[in-house]
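Chains F and U supply the protein sequences, listed in that same order.
Everything in the first sequence is counted per our numbering, starting at 1 for the first residue and increasing by one.
Everything in the second sequence is counted per our numbering, starting at 1 for the first residue and increasing by one.
No lab work stands behind these hints: they were computed from the structure.
One or more hints might be untrue.
Derived lysine-lysine pairs resembling DSBU-like cross-links, with alpha carbons at most 35 Å apart [stated by the list, open to error]:
hint : chain 1 : residue 1 : chain 2 : residue 2
1    : U       : K22       : U       : K246
2    : U       : K306      : U       : K67
3    : F       : K204      : F       : K82
4    : U       : K246      : F       : K204
5    : U       : K246      : F       : K130
6    : U       : K135      : U       : K306
7    : U       : K341      : F       : K130
8    : U       : K246      : U       : K337
9    : U       : K246      : F       : K82
10   : F       : K204      : F       : K130
11   : U       : K131      : U       : K337
12   : U       : K337      : U       : K306
Across the chosen pairs, the derived CB separations fall in these ranges [as the list claims (entries may be wrong)]:
hint : chain 1 : residue 1 : chain 2 : residue 2 : range
13   : U       : V247      : F       : P119      : 24 to 30 Å
14   : U       : F194      : F       : S155      : 32 to 38 Å
15   : U       : E239      : F       : S155      : 42 to 48 Å
Every residue, glycine too, gets a C-beta built ideally from N, C-alpha and C.
Here is how the chains run, residue by residue.
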Amino acid sequence: MTGMQAERVASGPVLTVADARKTYPDGPAVLEGVSLAIEPGSFCVLLGASGSGKTTLLRSIIGLVPLDAGAIDVSGTRLTPKTLRSLRRQIGMVHQDFGLSARLTAAQNVMAGTAPGLPMWRLLFQAYPKPVQEKACALLARVGLEAGHVNRPASGLSGGQKQRVGIARALINDPKLILADEPVASLDPQTAQDVMGLLRQTAKEQGAAVLCSLHQINLSRAFADRIIGLREGRIVFDGPPGQLSQDMLARIFGTGRETFAPAMAVA
Amino acid sequence: MSDAGSLSPSGQNTSPARWQVKPAFDWKTVLMVAAAFVLLSVSAQRMELHRLSSQLGEFLQASVGLKESSQIGRGIGSVTQQMYPIAIAERTPVSLIDDFDPAHLPLFSHLETEQVEESALDPATMQMTTKTVKKTFLVEPAGYLLYTLGKMLETVEMAIWASLFAVLMSLPLSWVAARNFTPHPVLYGLARSFISFLRAVPELISALFLVLAFGFGAIAGILALALHSVGFLAKFFAEEIEAADKVPQDAIRATGAGDLAVLRLAVLPQVLPSYTALTFYILDRNIRMGTVIGLVGAGGIGQELKGRYDMFQYDHVATILLIIFLSVLALDALAAKIRRKLI
Ligand SMILES: Nc1ncnc2c1ncn2[C@@H]1O[C@H](COP(=O)(O)OP(=O)(O)O)[C@@H](O)[C@H]1O
Ligand SMILES: [Mg+2]
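All chains, full assembly: derive it from the sequences and hints.
Next comes the structure, spelled out in structure tokens:
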């Protein structure tokens, strides 16, 4: 860890969310007063059932969903319309459906992460500066891709490879905070393990904190430093994986793990 | 939290025996079909469609010999007879050629001399007299064919320029006219109205006015085609932007990039294939419409067609029509080839 990063550690959490509330137009309340603080370098899993509000919370942190009430601070800077763009540049994001442009190559998708700092003509002609190109190649190697993948359109990559590209893109601006929304939801179990391991390892090397939403209990247990349980827009659990007892799981997911109405299943 | 509950809050506890499948067609559909039928019947009266059937019947009877003649046959027959053989050579009286030099004839051409009867008013006797004069013609065997091909090329060039201008104008306009990217709602409204206006004015009408403004020739034609094409392209370009998958857009936006970067990195790669297809469609359309707007003097082969038609030179008209037909066929094949390469 460098001296600069040590300073940030001293200055407090990399992310705080205070009393976040959100109701979509003509829908039920999705976030009902969520507060949390993420320490630098920690790997936190946001665990919750489908529909519990994980995506809404992560998207509100990066300003893609406006909150009805509450405050978000990234490294001590309040998220406002004015600071939005500069804060986004300090956050890496990994998306459930990868969020890649299918017709751009793996390298172009990674380099797209540097778009906000570049003049428009460079984007227009996809002419990225040499250092950006070199960094993109290094990151692609870092996430386990090969030379043959660099200039292949994203549409020609497997699901696991796509998410590796997604992780490389999230890393290209050396973020202190990485948000990952169910990054392995569409991957097979083995690939999911590999990609989660990669996300944790690269983030640790980078000294970046991760807030990663998941619905799989085993993956959360295996990779999290800390688990935050979300249920119907409220935090119902917050602690290390060791404290995630059956009781606590029942609090996060409901009494039975079965989500179909029991009455119908019987009838 | 139960998934069944969130899917259908109102009917979650009814027994499946009381569930009902919605019929694909209901009485509303029947009513609408009936209404459409009534409207079409009214319209058929206004269009005098009954004449269509009687005239076609008469024509068919005439063509199998059951009837002496038909109106359609009389109208078309004389013209089609004069169309054959089509005009391929060019015959020009040498008296009409400036600086004619018999020692230097154009390639593959020769001279023909003919006795022509000419009537003229004799000024002395004030009587019409007929006398025979010798006239020399310059004959270029493929002269008219080549000339027409040149005119067709002019039309194709007009269409290419018009399509190029249209694409260049439509790209920025579609950005303003896409609901999810417009810089301002007022600009969105203005852009949409402007685009609708351009699409509402047919090429033939705008060409009439543009010929007044820019004079006869290709410029008026190019502008007329380009303006209408913008009305078409910008609308569909904008709709492609609106329909593009949001996931990659959010991913780029989450990096802190602005609208233009999102357009370039997440939208353009998605819409490029449809933009290419639309551009080829508009090029194809501009080539066909380019032949039509020539009729009002806006350059190209249409201008030639109109001239020959007005002079009743139907053999020349036939050559022109044949060339248009063959060119559209050839360009179609070419466009299909390019499109396969690009997409
Ligand atoms: N754009 C939206 N408009 C309306 N309702 C939404 C929207 N996005 C999510 N929701 C609703 O909010 C609830 C929480 O969704 P989400 O945040 O996606 O949960 P999760 O990611 O945990 O599955 C769901 O009931 C969902 O239907
Ligand atoms: Mg989600």
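Okay, the hints, checked on the actual structure:
no.: 1; hint: U:K22 <-> U:K246; result: 32 Å, holds
no.: 2; hint: U:K306 <-> U:K67; result: 34 Å, holds
no.: 3; hint: F:K204 <-> F:K82; result: 30 Å, holds
no.: 4; hint: U:K246 <-> F:K204; result: 30 Å, holds
no.: 5; hint: U:K246 <-> F:K130; result: 30 Å, holds
no.: 6; hint: U:K135 <-> U:K306; result: 28 Å, holds
no.: 7; hint: U:K341 <-> F:K130; result: 30 Å, holds
no.: 8; hint: U:K246 <-> U:K337; result: 32 Å, holds
no.: 9; hint: U:K246 <-> F:K82; result: 24 Å, holds
no.: 10; hint: F:K204 <-> F:K130; result: 26 Å, holds
no.: 11; hint: U:K131 <-> U:K337; result: 61 Å, violated
no.: 12; hint: U:K337 <-> U:K306; result: 33 Å, holds
no.: 13; hint: U:V247 <-> F:P119: 24 to 30 Å; result: 26 Å, holds
no.: 14; hint: U:F194 <-> F:S155: 32 to 38 Å; result: 36 Å, holds
no.: 15; hint: U:E239 <-> F:S155: 42 to 48 Å; result: 23 Å, violated
Checked against the numbered hints given earlier, the structure breaks hints 11 and 15 and satisfies all the rest.
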